[in-house]
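Model the full structure from these sequences, guided by the hints.
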Amino acid sequence: MNRGLYLIKRLLLAVPVMLFGLTLSFLILYLGPIDPVGTILGRQATPEDIRQLRIQLNIIYPNGEPVPLWDQYLRVMWDLFTLEFGQSWTVQRQTPVIDLIVGRMPATIWLGFWSVLIALFVGIPLGLYAGLRANTYRDYFASGFGIIWRAMPNFWLAVILAGLITAGGALDWYKDFIVTTTVTGTPDVLNNLFTLYHVFEGIPLLEALAIPVPNLIPMAIAFKWILPAALVLGSSSMGNEVRIGRTAVLESINSKYVDTAKSKGVSGRKIIYKHVGRNAIIPLLPVIMGEFYLLIGGSVLVEQVFGINGLGNLFFRSILGPDIPLVMALVFIFVIIQVTVNIVQDLLYTYIDPRISLEDTQ
Amino acid sequence: MSETTSKSIREDLTQRDELSLYTRIANNPRPFFKWAVPMLVLIAVEFPTYAGVAFGMLDAVVIGVTGLLDAAIGLVSSGLSQTIRDAQYAVVGVLRDAGGFVDGLPTLFSREVIPNQGYQTGPNGPWEGTFLGLEPAYAWALRATLIFAYALFTAYWVFRGWLVYRDHYREADWTPTDDIVDNLSNHQWGKFGIFVLILFLTMAVFGSALGPTTVEQNIQSPYSERINYFNEDTGEVDQVFPGDANFNSKSKGSAEFNVGPMSYDDYGRFHPFGTLTNGRDLFTFMMGGARITMIVSALAIGGAALIAAVFSMFSAYYSGRVDLTILTTADGVVSIPRLLLLILVSAVFANHWIGNVLNGGFLLAIIFAFTTWPFLWRAVRGPALQVAQEEWILAAKSYGQQPRTIMRKHMFPYIVGYLLVYASMSTGGIIIGLAALSFLGNGLGISPPTPAWGRAISMGQDYVSGPSWHISLLPGLMIVLLVTGLNALGDGIRDAIDPEAGGSAEGEEAAAGGGG
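Chains as they are written, first to last, in this note's numbering: chain V, 1 to 362; chain E, 363 to 878.
Rather than coming from a laboratory, the hints here were simulated on the basis of the structure. If you're wondering where the values come from, they're calculated on a predicted model, not measured in any experiment. Check the hints yourself; a few may be wrong.
Unchecked claim - Residues of chain E clear of chain V, computed beta-carbon distances all greater than 12 Å:
| id | residue |
| --- | --- |
| 1 | Asp465 |
| 2 | Ala499 |
| 3 | Thr691 |
| 4 | Val778 |
To be verified - Have a look at the derived ranges for each label pair, beta carbon to beta carbon:
| id | chain 1 | residue 1 | chain 2 | residue 2 | range |
| --- | --- | --- | --- | --- | --- |
| 5 | V | Gly144 | E | Gly805 | 35 to 41 Å |
| 6 | V | Ile148 | E | Phe619 | 29 to 35 Å |
| 7 | E | Phe619 | V | Pro16 | 55 to 61 Å |
| 8 | V | Ile148 | E | Gly805 | 28 to 34 Å |
| 9 | V | Thr82 | E | Lys553 | 34 to 40 Å |
| 10 | V | Thr136 | E | Pro538 | 50 to 56 Å |
| 11 | E | Ala460 | V | Glu65 | 48 to 54 Å |
The C-beta atom is built at its ideal place from N, Cα and C for all residues, glycine as well.
This is the structure:
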């Protein structure tokens, strides 16, 4: 089977997977004990208002007959897949859901980007280091960190870190370190990270294209602001990377191809880069990809503690609302991200390790 | 092949008669009695505690399961669902009566035998009502130490029972389990995990005797009975409701409103972990939380492991389309991040009857089981596929053995070890997820006033740097300890099953603690 076919097959398989997740959410929201009319209109609604709203929400037909569940289901799914997310019920009434989501996106993307990156740049080198110096005190130190990082609940770490940074804590100095920034809340600089330059002005079609150029000072401020939250969100992945990286190095360093390379006289540095490091990445791949999974769930808690106005926080508020259109739209987005990450992971596998045949990875 | 010939072949090969366990014990009763009599004593002295826990869990499971059945059958026939409801009332009534009865029975390490709650009769006067007139702190420490020692010894004695069985009554001289146990007993890190697990199970079972006060008196109904205390202002012994005493023992982050760890409040009550923001005892709160945490995670991981075991054997035995269907279902379940699904379900069902069984824990256990099995299934599918290709499976198939029997007898024993490894590691994630929900509050997680670890962390959120640091820090450290212990246990079992493989990475990201 070639790669193209494999990709098509994976994409086809993704359809039932997505439908499963969305259907589950639909059933919970529409069969569960939520009263949408009461939520939107409150208690003092006139029967006529209620009737109008029910028709509008596709709960009853204009002639008063109830709309069957499968009909509601098809309509909800159709709207989702055609990206018609509708209007928010309670979080911000009458606001299009898509506007709410787009407005909250930068904070979460910024948080997710740094939490993945920090975890990668701390976790993997530390794991490889521990593996190369196996069973020394340095190894025990690094592995010990990994073990504890893995076991620490994100929300607790966030509470402790946020508490230490606020006034009077041991990390009080962080707020005024180099530049004074806030550590909780969402700063305005986030909307100012890039300047768009329209370099193709005057040229038809290309005119619309703009090149984003990073603004260094807002970037630095935003980085300093997000660092504690990103550290927390990346912590458990960091622990996993240390641990898996260590065992992966240990496994490949004792393998025959490393012995062969040594006997051929390949330099130690080259062995580590070309033979040990490369093979150690394979078991790390699911951990790195798993970060996205942890990230989406974890962002709810971390954003809650650090007061970040992101998607996780929006999801939490929309569920408490309850704001069904917003919840469905967010679940739709999260499910798409998750399914995409899975497909990318399987494809990457076949590139990194050709021994894994395309049939096996099904 | 007939039954008799197979038996005679077996006897030929093993030079043994096939005797029942009962006959084997009757032939050589000494080792059995040397083990069984102390075991009976160990159980008898704390029997009401064990029975109470068992009745409580049964109660929750009966209500939850019959409730779900009722809802499912109610869609079809209302008469049948009424019968189920009647049965539920009857069974729960019996269980509650039995629970109430055993609750009244005395136990050896109870707070009545070694009381720690007392009052001083003068400014520096002797303590009244405590064990041997000891200071409450020492009386409490004595009782807690005795309970932990008892629990550790009982755990050892249960293990010893297996040793007695192995050495005196088992037919086979050696089984693979022997090697696994030997490997594990040489594995320091794994033994640390077992120790931690026993520690927390002890807290869950003996929680009400371990705390310096009880959940009922201190948290659930603090205005039902007064306690004595020495009033320093009047110089006399006064009476106060625990609720009023709590009000004046709050930890609010300032020097005058704080009762830290290992200290007394103004009412002569000892607080090993300090008090919460509402003046309740943090240690008692943590013990109550330990019980609900352990029950929910045990139900959840048990359910998840069962589903994963059945599905992985189905995957491996039938492969092809069955495997693909399970794979798609598993991916579908995993496609919604677990915490989001948990928040969704527990928010939607917050005021529903199912959200009240086991203080909300039953519903959470179901969702955790539902969202955890795909990870376990992924991890165990590999070993299951391997064993499905072994010759003995082919042989069993060609003899015409039923698929169910093949899976149970020939496949399950092979995968159960792997299942234990990943189950142990995934439990950490469940515990953290449960605490995370209670941390978020707003009707999610375990419903108050039932103690939950996450709620304690959330209470102390504003006091992390200050005198009331204990409120958030200590519960979190306990979670870290428990999760580390479970990971260590998983490592230990894995190394014990397969000492050659220095830890395969596959599927371990699934077991990641964090996420919450």
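Do the hints match the structure? See the list:
Residue-level check passed: Asp465 (chain E) sits 33 Å from the nearest beta carbon of chain V, beyond 12 Å. Every CB of chain V lies more than 12 Å from the CB of Ala499 (chain E), the least distance being 27 Å, so the non-interface label holds. Non-interface status of Thr691 (chain E) relative to chain V is broken: a Cβ of that chain comes within 12 Å, the nearest being about 7 Å off. The non-interface label for Val778 (chain E) is consistent with chain V: the shortest C-beta to C-beta separation is roughly 23 Å, beyond 12 Å.
The hint said 35 to 41 Å for the Cβ distance between Gly144 (chain V) and Gly805 (chain E), and at roughly 38 Å that hint holds. For Ile148 (chain V) and Phe619 (chain E), the Cβ-Cβ distance of about 32 Å falls inside the hinted range of 29 to 35 Å, so the restraint holds. Evaluation of the 55 to 61 Å hint for Phe619 (chain E) and Pro16 (chain V) yields a pass: the beta carbon distance comes to about 57 Å. Between Ile148 (chain V) and Gly805 (chain E) the CB atoms are about 32 Å apart, so this pair conforms to the stated range of 28 to 34 Å.
One distance hint, 34 to 40 Å for the beta-carbon pair Thr82 (chain V) and Lys553 (chain E), is violated here, with the actual separation near 58 Å. At about 34 Å, the beta-carbon gap between Thr136 (chain V) and Pro538 (chain E) misses the expected band of 50 to 56 Å. Checked against the given bound of 48 to 54 Å, the beta carbons of Ala460 (chain E) and Glu65 (chain V), roughly 51 Å apart, stay inside it.
Of the numbered hints stated above, those contradicted by the structure are hints 3, 9 and 10, listed in ascending order.
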